[in-house]
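First to last, the protein sequences are chains A and B.
Everything in the first sequence is counted per our numbering, starting at 2 for the first residue and increasing by one.
Everything in the second sequence is counted per our numbering, starting at -19 for the first residue and increasing by one.
Think of the hints as simulated: they come from the structure by calculation, not from any bench.
For glycine and all other residues, C-beta sits at the position ideal for the given N, C-alpha and C.
Treat each hint with caution, since some may be false.
Covered stretches of chain B, going by a simulated chain A footprint (3 or more residues, C-beta under 8 angstroms) [claimed, not checked]:
hint : segment
1    : 14 to 26
2    : 164 to 175
3    : 193 to 201
Over the 10 angstroms line for every Cβ pair with chain A, so calculated as not near, a few chain B residues [to be verified]:
hint : residue
4    : 11
5    : 86
6    : 161
7    : 211
Computed far set for chain B versus chain A, every beta-carbon distance over 12 angstroms [unchecked claim]:
hint : residue
8    : 47
9    : 50
10   : 53
11   : 102
12   : 117
13   : 127
14   : 147
15   : 153
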Amino acid sequence: MEERGEKEDATEREGSLCQLCFAAGRRTTIMETECERVMINTHRFDPILKGIVVISTRSAMVVRFQRIRKCRQLQREKLRMEKLRTTRHLLRRSSRSLLDRRLKLNSENSIHSSGTAFTRTCTGHRNWILPACLHPSRDCRGLTKANAMQNRYFGSVAELVQRRPSFSTLNSDDISFFKSILGEKNVVQDEDVLATANTDWMRKYKGSSKLLLQPRSTEEVSEILKYCNSRHLAVVPQGGNTGLVGGSVPVFDEVIINVGSMNKILAFDKVSGILVCEAGCILENLISFLDNEGFVMPLDLGAKGSCQIGGNVSTNAGGLRLVRYGSLHGNVLGLEAVLANGDVLDMLGTLRKDNTGYDLKHLFIGSEGSLGIVTKVSILTPPKLSSVNIAFLACKDYFSCQKLLQEAKRKLGEILSAFEFLDIEAMDLALNHLEGARNPLPASIHNFYVLIETTGSNESYDKEKLEAFLLSSMEGGLISDGVVAQDINQASSFWRVREGLPEALIKAGANYKYDLSLPVEKMYNLVEDMRVRLGGLARVVAYGHLGDANLHLNISAPKYDDKILAQIEPYVYEWTSKHRGSISAEHGLGLMKANKIFYSKSPKTVQLMTSIKNLLDPNGILNPYKVLPHSLNP
Amino acid sequence: MKIMVAIKRVVDYAVKIRVKPDKTGVEIHNVKMSMNPFCEIALEEALRIKESGLATEVVAVSMGPAQCVDTLRTGLAMGADRGIHVEAARELYPLTVARVLKGLVEVENPGLLILGKQAIDDDCNQTGQMVAGLLGWPQGTFASKVVLDKEKQIATVDREVDGGLETLCLDLPAVITTDLRLNQPRYATLPNIMKAKSKPIKKYTPEELNVEIKSDLEVVQVTEPPKRKAGVILSSVDELIDKLKNEAHVV
């Protein structure tokens, strides 16, 4: 009994699955850190748990009470330690942040910079990091409530990541080695360039890497990784740096390996449409290249001007055309990846069908750079069809949007190429914050907007089909109003409204972004629940790929605030988990959701993932602290 | 008062055009065609005038092969009341178009003829001026603002000229050609698209209007402009001087 108690101590301290929940027979596995909140607030009143406690035998009761007591003791200790650390931080930060704030008084992003000033001092002194979205004043609130143990904020928000001691720090020998391999120009230590490379697109995460490498070939990548593996130097593979979950920027001082210089198109087969290119090719450039040849990329996203194909493949990017062309798992025919120890895995097949052995490329697609760095991609591109039609429609309620989706899939069938939706808040945001955005339906404000695109080979036939579908939907009351684009300019202005939403959200202030896969019928219930929960604190904006049952839930507020965050997390994840949805439909886990994988995957699955990670990257140098939970120490 | 708007079906503005291999013209075979952007602006202006009550009817006119009817339907979907299609198989040049328009004006008797300032496929910028000359009507070209006065039967037009903005007063009936900054054309809404299906489009042939399709112009060759050469990064001032002297011949 004592041994078990000790072992429990160890696991509980690390933050394992909540023992109480297991004891209560709960099916959802919640991390202990989250569960402290649950435990304090609901276990006490939970009839099931109460019932079990009462019904079970005396010894079991004692065990359970012991566990509860231990849980609470640990929590108290933890909070005491937090208090000590944060007071020290506050003292150090106060002088620095005043200076920084004065310097950054005129910059637009003053909210962000106050957060980043905090992290800069932290990482300088203590190897601790808090997500940059934390407002410094929050700590004061947390401290006062620490003793009351009602403090839910710390548990779910402060995901303190500790820099792994097994990683070495860069020294001048390393720099000279890299210079000897890559040349002077491609070893970047310039502060300004590093500042951009260290910050993610959302400006929520900022690392403190001192070195950016720009290899030009797979051999150079292989040499770099072999060296870093032997020296235990952590690395972050980076492409266009357009990721939304902090997966493309360093957490501490990892070396950034940016493959942007590897941007050659290697081969293109005009008959089959198979494109082979290097990982640093920007998506928009590939689209223009293919345009000349009469083909089109199977994926399309708002970030296409900056995102690179290597990153798209590593994160299994979805995008606007997934409903027509399917995911990258189906379109990528092969890839070449470099493993952590420098081994080059050449799986660059250009065959449509190849059933020889285990198809390992699927491991790398979506691995977010944690299993290997993708250096070349071979992708199947569909032919460019001449007739593209797009309609922007208005619906009065969510039920009509759903029915419209069903009708569209049936009546438009094979020519449907995109089905997106936005709600009234999203449209309002786009019109107010996006420059050059024009309301396609200025006559009145509607509750929901749906964007339907069709791509086919026969202009008049497609137009007829689309107009017939729209007419019947209008007569059926599914659509209250709509416009059909008459030329390509009008079509791009419709897309501008939808594709510009992430940009508009950033301009509107602080943005909490969630990307969830949920059953279509239930999707909007979450949005309405969040509106009730947040009340006047923040705006809930919803849009997404309705055709793929993918909701992009965004909460927009003037400033980052933990009150808001506490209302959102972990409620959103629990809600999604309850409906067996995915907490990250296409954005990936990155740093933001690294510890949240259990909401969507079972512990055994995650265990196997960890084993694979340890097999391919035993020293854990590839993109550490991301994707898999920190407690499992992958 | 009736307003007549002339519309041209051209290659879509956003399409990347390619020259035909035999250099006789541009690839238009499998390429998206739509209404000339300036003609859209012209139609939008006509619709706004009608909506403000100063006109009773807007008639859209187009000339060319059978597919012009699609462009006319778009015009009807935007809000025009009637369409007129003049069948012509061969390519039409501005003077011929002007003669056809004159014939139509004599049939329809509009109070105002609005056109786009130029078509984006030939960039001629001639039709509006030629029609005004043939009809003997006043013309306000490159209009960036149009204000009608029904009582006095005049139109006040702000023109965008090289030196700035020029304001003219025209007696109606007049010819106005529209420039980019006049307005932003509306989208064709679904209800209007459905209504447009039942609006009439009348067909004419050039013979009925006493116009002979002949041209004094002949396209000899169409070639792409020379490709822009990539810039060169030089490493010293001496090299720069050398290049300026010997290659560019400017020093």
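Hints and how they fare:
Coverage of the segment 14 to 26 of chain B by chain A holds in this model, with 3 residues showing a Cβ closer than 8 angstroms to a Cβ of that chain against a need of three. Given as covered by chain A, the segment 164 to 175 of chain B passes the check, having 8 residues with a CB less than 8 angstroms from a CB of that chain where 3 are the minimum. Here's how the segment 193 to 201 of chain B fares: 0 of its residues keep a CB closer than 8 angstroms to some CB of chain A, so the rule of at least three is not met and the hint is violated. A beta-carbon of chain A comes within 10 angstroms of the beta-carbon of residue 11 (chain B); the shortest separation is about 8 angstroms.
Distance to chain A confirms residue 86 (chain B) as a non-interface residue, since its nearest Cβ pair spans about 31 angstroms, more than 10 angstroms. In this structure residue 161 (chain B) is separated from chain A by more than 10 angstroms, as the shortest Cβ-Cβ distance comes to about 15 angstroms. Residue-level check passed: residue 211 (chain B) sits 18 angstroms from the nearest beta carbon of chain A, beyond 10 angstroms. Not every Cβ of chain A is farther than 12 angstroms from the Cβ of residue 47 (chain B); the closest lies at roughly 9 angstroms, contradicting the non-interface assignment.
Residue 50 (chain B), annotated as away from the interface, has a beta carbon of chain A within 12 angstroms; the closest lies near 8 angstroms. Against chain A, the non-interface label of residue 53 (chain B) is violated: not every CB pair exceeds 12 angstroms, the least being about 10 angstroms. Under the 12 angstroms C-beta cut-off, the non-interface status given to residue 102 (chain B) relative to chain A holds; the minimum distance is some 18 angstroms. Every C-beta of chain A lies more than 12 angstroms from that of residue 117 (chain B), the closest at about 30 angstroms, which supports listing it as non-interface.
A cut-off of 12 angstroms between C-beta atoms confirms that residue 127 (chain B) is not in contact with chain A; the least separation is 23 angstroms. Residue placement check: residue 147 (chain B) keeps its beta carbon more than 12 angstroms from all beta carbons of chain A (closest about 29 angstroms). The beta carbon of residue 153 (chain B) sits about 29 angstroms from the closest Cβ of chain A, which is more than 12 angstroms, so the claim that it is off the interface holds.
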